[in-house]
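Undergrad: Sequence:
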Amino acid sequence: MSARISSYMSTPVVTCHLNDNLAHVRNLLLRRDIGRVVVVDDGHVFGIVTWTDLIKAFVSLQKRWASHPIDEVLVKQVMTKNPILIRQTRSIRMAAKTMVRYGVSGLPVVDQQKTLSGIITKTDIVRAIPRTKSSRLSVSEVMTTDVVTLSPNHTLYRAASLMDQNKISHLVVTEGGVPLGMISKIDLASFAPAVAGRMSAPRKKFVFDNANDRRVYFVPVAADLMTTDLITVKPDVSLLDASRIMLDHSISSLPVVDDSGKLVGIITKSDLVRAVTRFR
Numbered sequence: 000m001s002a003r004i005s006s007y008m009s010t011p012v013v014t015c016h017l018n019d020n021l022a023h024v025r026n027l028l029l030r031r032d033i034g035r036v037v038v039v040d041d042g043h044v045f046g047i048v049t050w051t052d053l054i055k056a057f058v059s060l061q062k063r064w065a066s067h068p069i070d071e072v073l074v075k076q077v078m079t080k081n082p083i084l085i086r087q088t089r090s091i092r093m094a095a096k097t098m099v100r101y102g103v104s105g106l107p108v109v110d111q112q113k114t115l116s117g118i119i120t121k122t123d124i125v126r127a128i129p130r131t132k133s134s135r136l137s138v139s140e141v142m143t144t145d146v147v148t149l150s151p152n153h154t155l156y157r158a159a160s161l162m163d164q165n166k167i168s169h170l171v172v173t174e175g176g177v178p179l180g181m182i183s184k185i186d187l188a189s190f191a192p193a194v195a196g197r198m199s200a201p202r203k204k205f206v207f208d209n210a211n212d213r214r215v216y217f218v219p220v221a222a223d224l225m226t227t228d229l230i231t232v233k234p235d236v237s238l239l240d241a242s243r244i245m246l247d248h249s250i251s252s253l254p255v256v257d258d259s260g261k262l263v264g265i266i267t268k269s270d271l272v273r274a275v276t277r278f279r
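Going by numbering that gives the first Met the number 0, the sequence shown opens with residue 0, and the numbers climb by one from there.
Please note: incorrect hints may appear among the correct ones.
To be verified - Cross-link-like lysine-lysine pairs, in silico, DSSO-like; alpha carbons within 30 Å at most:
| # | residue 1 | residue 2 |
| --- | --- | --- |
| 1 | K55 | K166 |
| 2 | K113 | K233 |
| 3 | K233 | K261 |
| 4 | K166 | K132 |
| 5 | K261 | K166 |
| 6 | K96 | K166 |
| 7 | K132 | K80 |
What the hints assert, rightly or not - Label pairs and their calculated CB-CB ranges:
| # | residue 1 | residue 2 | range |
| --- | --- | --- | --- |
| 8 | H16 | N152 | 40 to 50 Å |
| 9 | K96 | Q164 | 21 to 31 Å |
| 10 | A222 | L246 | 44 to 54 Å |
| 11 | I244 | D110 | 30 to 40 Å |
| 12 | D228 | D40 | 18 to 28 Å |
| 13 | K261 | S6 | 18 to 28 Å |
| 14 | K113 | V13 | 14 to 24 Å |
| 15 | K132 | K261 | 44 to 54 Å |
If you're looking for bench data, these hints aren't it; they were derived computationally from the structure.
Ideal placement from N, C-alpha and C gives every residue a C-beta, glycine not left out.
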């Protein structure tokens, strides 16, 4: 019998309300170490707020509230409305297919009365990989080879723009083809409130260059924020082992390197979820 959502979904669900503010939601995400908060009223789901929603609110200059303090921005202004729901009796493979189809990383799980009973995320699906045929595949069979990268000196605004344009959650920072670090959406969202709305405007933080009698404004770059203690894998590693590495180290992606240490790909939880959809 195939693995069921009810065996792997996370409970209880971390929730918030429509009129809560983003400061509260951000604190929930950080304190609980989660990727999303479900917006509810009387047990029913109205929306969901993810790190992606926070990045857009914090960084995008097109948002009218981008320069506002985040405790003045309400959940209902930035949440993803009417998220896709799934029944707890459905299979893990169906959950994976639904995530891939709609491009989401988590699905609120409901009972027969459509009352929230749990949440199933990519991490939960990765936990189920030992019970799927996809565990037999190798990293090289499912990894992404067209890796989006940036240099250590690219600005964080550039990092956020690349993530938004490419619909990805992680960027590999490289130099000479060798991975030096990683930046995730969580890294950006944790850092962004200090710089939101001021990425292209004169900044308050500066140092004084006495030699040239001028102020030098600080613009944060990838090297300031990237995680440098990288865990990498080789292309011939099995998905079973790759999934265990991700779960053991609480990470969502692994740069794939060849014998010379050069970057040849990346494998993410999204890739693992897609792999689960291959087999009945």
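Undergrad: Enumerate the violated hints, using their earlier numbering and listing them in ascending order.
TA: 2, 7, 10, 12, 13 and 15
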